[in-house]
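Q: If you want the building blocks of each chain, they are given just below.
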Amino acid sequence: MSEAPHTVKSYEEELKNLNSNIVKMGGFCEEALVKATQAIISRNSDNAETVIKNDEKIDKFETLVEQQVVNLIALRQPMAIDLRETVTALKISSDLERIGDLAKNISKRTLLLNENLPKNLIDALVRVSSNVQKQLKSILDAYLDRSSAMAVNVWEGDEYIDDLTNLCMQEVIKYLKENEKNLDDGTHLLFVTKNIERIGDHTTNIAEQIYYLVTGEYLEGDRPKGTEPVVTGEK
Amino acid sequence: MKKNGVNMIKISAKNVDVFYGKKQALFNINLDIEENQVTALIGPSGCGKSTFLRCLNRMNDVIDICKVQGEIVINDFNINDKGCDVVRLREKIGMVFQKPNPFPKTLYENISYGPSIHGMAQSKQEMDEIVEISLKKAALWEEVKDRLHEPGTGLSGGQQQRLCIARAISVQPEVILMDEPCSALDPIATAQIEELIDELKKEHTIIIVTHSMAQAARVSQRTGFFHLGELIEHGLTDKIFKNPDNTKTQDYITGRFG
Ligand SMILES: Nc1ncnc2c1ncn2[C@@H]1O[C@H](COP(=O)(O)OP(=O)(O)OP(=O)(O)O)[C@@H](O)[C@H]1O
Ligand SMILES: [Mg+2]
Chain A
-11 MSEAPHTVKS YEEELKNLNS NIVKMGGFCE EALVKATQAI ISRNSDNAET
39 VIKNDEKIDK FETLVEQQVV NLIALRQPMA IDLRETVTAL KISSDLERIG
89 DLAKNISKRT LLLNENLPKN LIDALVRVSS NVQKQLKSIL DAYLDRSSAM
139 AVNVWEGDEY IDDLTNLCMQ EVIKYLKENE KNLDDGTHLL FVTKNIERIG
189 DHTTNIAEQI YYLVTGEYLE GDRPKGTEPV VTGEK
Chain B
113 MKKNGVNMIK ISAKNVDVFY GKKQALFNIN LDIEENQVTA LIGPSGCGKS
163 TFLRCLNRMN DVIDICKVQG EIVINDFNIN DKGCDVVRLR EKIGMVFQKP
213 NPFPKTLYEN ISYGPSIHGM AQSKQEMDEI VEISLKKAAL WEEVKDRLHE
263 PGTGLSGGQQ QRLCIARAIS VQPEVILMDE PCSALDPIAT AQIEELIDEL
313 KKEHTIIIVT HSMAQAARVS QRTGFFHLGE LIEHGLTDKI FKNPDNTKTQ
363 DYITGRFG
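Chains as they are written, first to last, in this note's numbering: chain A, -11 to 223; chain B, 113 to 370.
Everything labelled a hint here was simulated from the structure, so no lab data went into it. Any given hint could turn out to be false.
List time: in silico BS3-like cross-link candidates among lysine-lysine, alpha-carbon distance up to 27 Å [as the list claims (entries may be wrong)]:
hint, chain 1, residue 1, chain 2, residue 2
1, B, Lys257, B, Lys313
2, B, Lys204, B, Lys135
3, A, Lys(-3), B, Lys211
4, A, Lys96, A, Lys41
5, B, Lys354, B, Lys135
6, B, Lys354, A, Lys(-3)
7, A, Lys4, B, Lys354
8, B, Lys179, B, Lys211
9, B, Lys211, B, Lys314
10, A, Lys4, A, Lys79
11, B, Lys354, A, Lys79
12, A, Lys(-3), A, Lys41
13, B, Lys313, A, Lys4
14, A, Lys4, B, Lys211
15, A, Lys79, B, Lys351
16, B, Lys204, B, Lys248
17, B, Lys351, B, Lys135
18, A, Lys12, A, Lys122
Distance windows between CB atoms, simulated [said to hold, decoys possible]:
hint, chain 1, residue 1, chain 2, residue 2, range
19, A, Ser118, B, Glu342, 51 to 57 Å
20, B, Lys204, A, Gly209, 29 to 35 Å
21, B, Pro156, A, Asn5, 24 to 30 Å
As the structure is a computational prediction, the values presented were derived from the model and not from experiment. Glycine included, C-beta positions come from ideal geometry on N, C-alpha and C.
Using the sequences provided together with the hints, build the complete structure.
A: Now the structure itself:
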């Protein structure tokens, strides 16, 4: 937001409110990913259930943000930085809502996993997740600080997430091939891994939005890409 | 007209300073106005928008204490030169004011006045045509064709403003200056005028002063922002309203001023 306050105070309040709803929503998403990951590590079903339940809160925030954005556009006709604030809030909230959904999906699958999964699998998974957590935290900080530099950092960081995801996928595929009995858990784990990676992708989308919000320009160039994804089926 | 996809410059203001007595109202204004485009001038009250507009057809001449310095080049000719024929100039540069100001005459006479003093019609029939075409272009013909010999002051505000626009275009000006033309109009009349502006820009170059940011954004391709007698920023309207370079511009258009 610009330094100077709006002459119309209620307008100023509405924009601040929109902003703080995004921050709160982001906080819930962060928490969801942390809890979903803890549930995998410690096989704690309470955590998983909390994530599933809290997703409703995130969905409600999305609706709230959407209503606020529509009101701002209809009643205030925001311009320049205010217009970018308003439009990016809408887009960021929809990415955050997807993040919430993905965390919920991870938790649902976690509840179905067996107790004793090989440690190397859990480790690989946690490695992806904790890096995505870092990305998500950074991007929420970037939003708070209106920092395009931090946004670019996160954007570039997605390549590493893709690499970690591929490594993790390879572990899971190895595990799948070891024994037919591993089929159920292995399949869930593939989806869990993929979902964590998707959370990273949404984080990258948010980075693009923040860059636009701050600079008024679009992040140029191709999206960072890691190594090619592993092919799962045998030829 | 476009040359290599770039609009030609119709008016070029170079180092323009304006004084009212000792008080300076405009400071070193440099602005190119593109042909067949709508340029919006915005800025807080008293920043010099009307003063600048009046420089473009030497309307400031009629204000005794007003002194204009610098060059206003239109069609490669500096209109501030001594040799400038001011009557011809005002024929080429028409003006529409904030308050509709029809002459206390009939609709027909309101429009025929300009063309007749400029000797543009050889016969009654030719004059009839000019009146009809002007009213049609101003999107007023259908509403008034049966009452052309009634007084122009009997029209509604929005109709009067369109009559003034018809009057301005009747002499086929190259440039039309509009100083807050919609400030007294309802949203429908405003929309009609805005549609008209869009239409008129095919044949004319238009400069419009407006206090409505939304209107500037809607009707213009270029926008200039004035503040305290200075031209702070000018450029593509799209850019000015989405991502202006100057914080003052941003503060003004987003309502963060003062
Ligand atoms: N005839 C005049 N005599 C003396 N000072 C004048 C005259 N006309 C304008 N001014 C001064 O010149 C400055 C610019 O006035 P101008 O009318 O150009 O502003 P503006 O941007 O058109 O404002 P508004 O949006 O209120 O119409 C103001 O300080 C005004 O007081
Ligand atoms: Mg004025």
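Q: It remains to establish, for every hint, whether it holds in the given structure.
A: Verification of the hints:
no. : hint                            : in the structure
1   : B:Lys257 x B:Lys313             : holds (24 Å)
2   : B:Lys204 x B:Lys135             : violated (30 Å)
3   : A:Lys(-3) x B:Lys211            : violated (32 Å)
4   : A:Lys96 x A:Lys41               : holds (11 Å)
5   : B:Lys354 x B:Lys135             : violated (34 Å)
6   : B:Lys354 x A:Lys(-3)            : holds (22 Å)
7   : A:Lys4 x B:Lys354               : holds (19 Å)
8   : B:Lys179 x B:Lys211             : holds (25 Å)
9   : B:Lys211 x B:Lys314             : holds (25 Å)
10  : A:Lys4 x A:Lys79                : holds (17 Å)
11  : B:Lys354 x A:Lys79              : holds (17 Å)
12  : A:Lys(-3) x A:Lys41             : violated (37 Å)
13  : B:Lys313 x A:Lys4               : violated (40 Å)
14  : A:Lys4 x B:Lys211               : violated (39 Å)
15  : A:Lys79 x B:Lys351              : holds (21 Å)
16  : B:Lys204 x B:Lys248             : holds (20 Å)
17  : B:Lys351 x B:Lys135             : violated (33 Å)
18  : A:Lys12 x A:Lys122              : holds (17 Å)
19  : A:Ser118 x B:Glu342: 51 to 57 Å : holds (54 Å)
20  : B:Lys204 x A:Gly209: 29 to 35 Å : violated (49 Å)
21  : B:Pro156 x A:Asn5: 24 to 30 Å   : holds (28 Å)
Consistency with the previously given hints fails for numbers 2, 3, 5, 12, 13, 14, 17, 20, ordered from lowest to highest.
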